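Novice: So the chains spell out like this:
Number of protein chains: 2
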Amino acid sequence: MVKIKDVPMFSNLDKKFHKELYDNIYIRHFTKNSIVFYEGDSSDYLHILLDGQVRLYKTSPKDTMIQLHRLNAPSIIGEYACLEQVPFPATCEFISERGTVGLLHFKKVMNYLKDPTFSLALLKSMTNKVMMLSSLVHKETILSSEAKVADLILNETETFNKIKNNEIASILNITPETLSRILSKLKKEKIIVIINNIVQIHNLEALHIIIEKNTLKSCGYCISKVKR
Amino acid sequence: MVKIKDVPMFSNLDKKFHKELYDNIYIRHFTKNSIVFYEGDSSDYLHILLDGQVRLYKTSPKDTMIQLHRLNAPSIIGEYACLEQVPFPATCEFISERGTVGLLHFKKVMNYLKDPTFSLALLKSMTNKVMMLSSLVHKETILSSEAKVADLILNETETFNKIKNNEIASILNITPETLSRILSKLKKEKIIVIINNIVQIHNLEALHIIIEKNTLKSCGYCISKVKR
DNA sequence: TGGTACATCTTTGATTTTAACCATACATCA
DNA sequence: TGATGTATGGTTAAAATCAAAGATGTACCA
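Here the protein sequences line up with chains A and B, keeping their order. If you want our numbering, it's the position in the first sequence, counting the first as 1, plus 24. If you want our numbering, it's the position in the second sequence, counting the first as 1, plus 24.
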């Protein structure tokens, strides 16, 4: 487990705060699939992920899950909800077997803000959050399902190989059926080959084109184009 | 036009910086529909909106515009692209008749970061940006077109009354046709009445239900339900 | 060790839904 | 009298939903 003083945000904090931090942070332990907080909850505490992996998601009126991010320790969760004292915009759930969260009262946080290294670290964390949200917005507003899949294969091959299709679909916010169909197409077009759950990219350019044009049809290589 | 020293981020900055700021900020003037920067552009400058109103949008592969935000002076634009030295994730265009932007080299910004009031103000601005993005994500991933319209009528009646349907549609990222049809339905169901381009809400609860359930059909009041 | 039983994943087909797209008519305004 | 904005009808497209069949994996037990 990550020590509090090793969380980037606190590591550079003036030494005099370290003892105080230890005394003021509540530690909570979680098991897989337990909920840290629900969308809409309010909290007076800054949540610091010290161990494990969580996912943040919204629930649609149809009760489907819209996954926003996955975060690994160490990181800060829901910082803006804490700073602005507004409800959490998403539910936070552990997906690792076990995990740990440190809770720090927001008044303490406000105090530490006077320390320049702390506010800079928090700024850094916020910047990072903006980047994640910005890329999420791009994914959800610009990319088609086909483009999402192509993007994941191209830019997060690791993830793609490691987890099962079910999970991939949920990360991309598409249904498993849709994912299955898209993968079939990509295989049929010889753009990728999957052996033992490991992708091999056989046509890099095609993947780039799919991402750019948002559709498999637009890539000149494809059989489906010929058929038309 | 807003004076630089009146921009929240700079107003509390140590006085010794003010003179330097004046000497180091480039001022650029713009007219309506002119572009401050394009999605994908890189820049070494922090952009400070001093006068006018801009919209930030992405362009889809089909060449349609996905509007992310509208910002009024004074505000900071593209702060994270500047801080992280990454390309702008969206295009910035003036929608007011004229406008002004101040440009501050990011190295200067990095310098000012040592000033706690500055980094706090920047943090505040980032927090705000996260809130905007978070609500955008909600709008685009959770709400249906009907819910988007209901939400705007309910929570931004001002905006709804002030601008024409065309513009509303583009803010909601739906087509004018879709908006027109949804408004017709709402009127037919007697949920709203529009006189002289001013909405009157005649059934508040119905609007809430539409937002929550994402569909007009689900609201018990509706004629369309009876027909089924 | 193998074998049955159950659960979870994945694939495939058919259908439905939402909202875009296209075309055209009507309205408002300057 | 254009021009721009709004309304309406018909069509299409993308992806969800529903249904059901194959596949793979895992646990338990004799």
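Read the hints as simulated data drawn from the structure, not as lab findings. Among the clues, some could well be false.
Intra- or inter-copy, both count: the list cannot distinguish identical chains.
Keeping only pairs whose Cα atoms sit at most 27 Å apart, straight-line, the calculated BS3-like set for lysine-lysine is [said to hold, decoys possible]: (1) LYS148 to LYS132; (2) LYS27 to LYS211; (3) LYS241 to LYS56; (4) LYS138 to LYS40.
Quick caveat, the model's predicted, so the values are computed rather than measured.
Novice: Now, for every hint given, state plainly whether the structure supports it.
Specialist: Hints, verified against the model:
no.	hint	verdict
1	LYS148 to LYS132	both (19 Å within a copy, 17 Å between copies)
2	LYS27 to LYS211	neither (45 Å within a copy, 59 Å between copies)
3	LYS241 to LYS56	neither (41 Å within a copy, 38 Å between copies)
4	LYS138 to LYS40	both (13 Å within a copy, 20 Å between copies)
Hints 2 and 3 from the earlier list are contradicted by this structure; the remaining hints agree with it.
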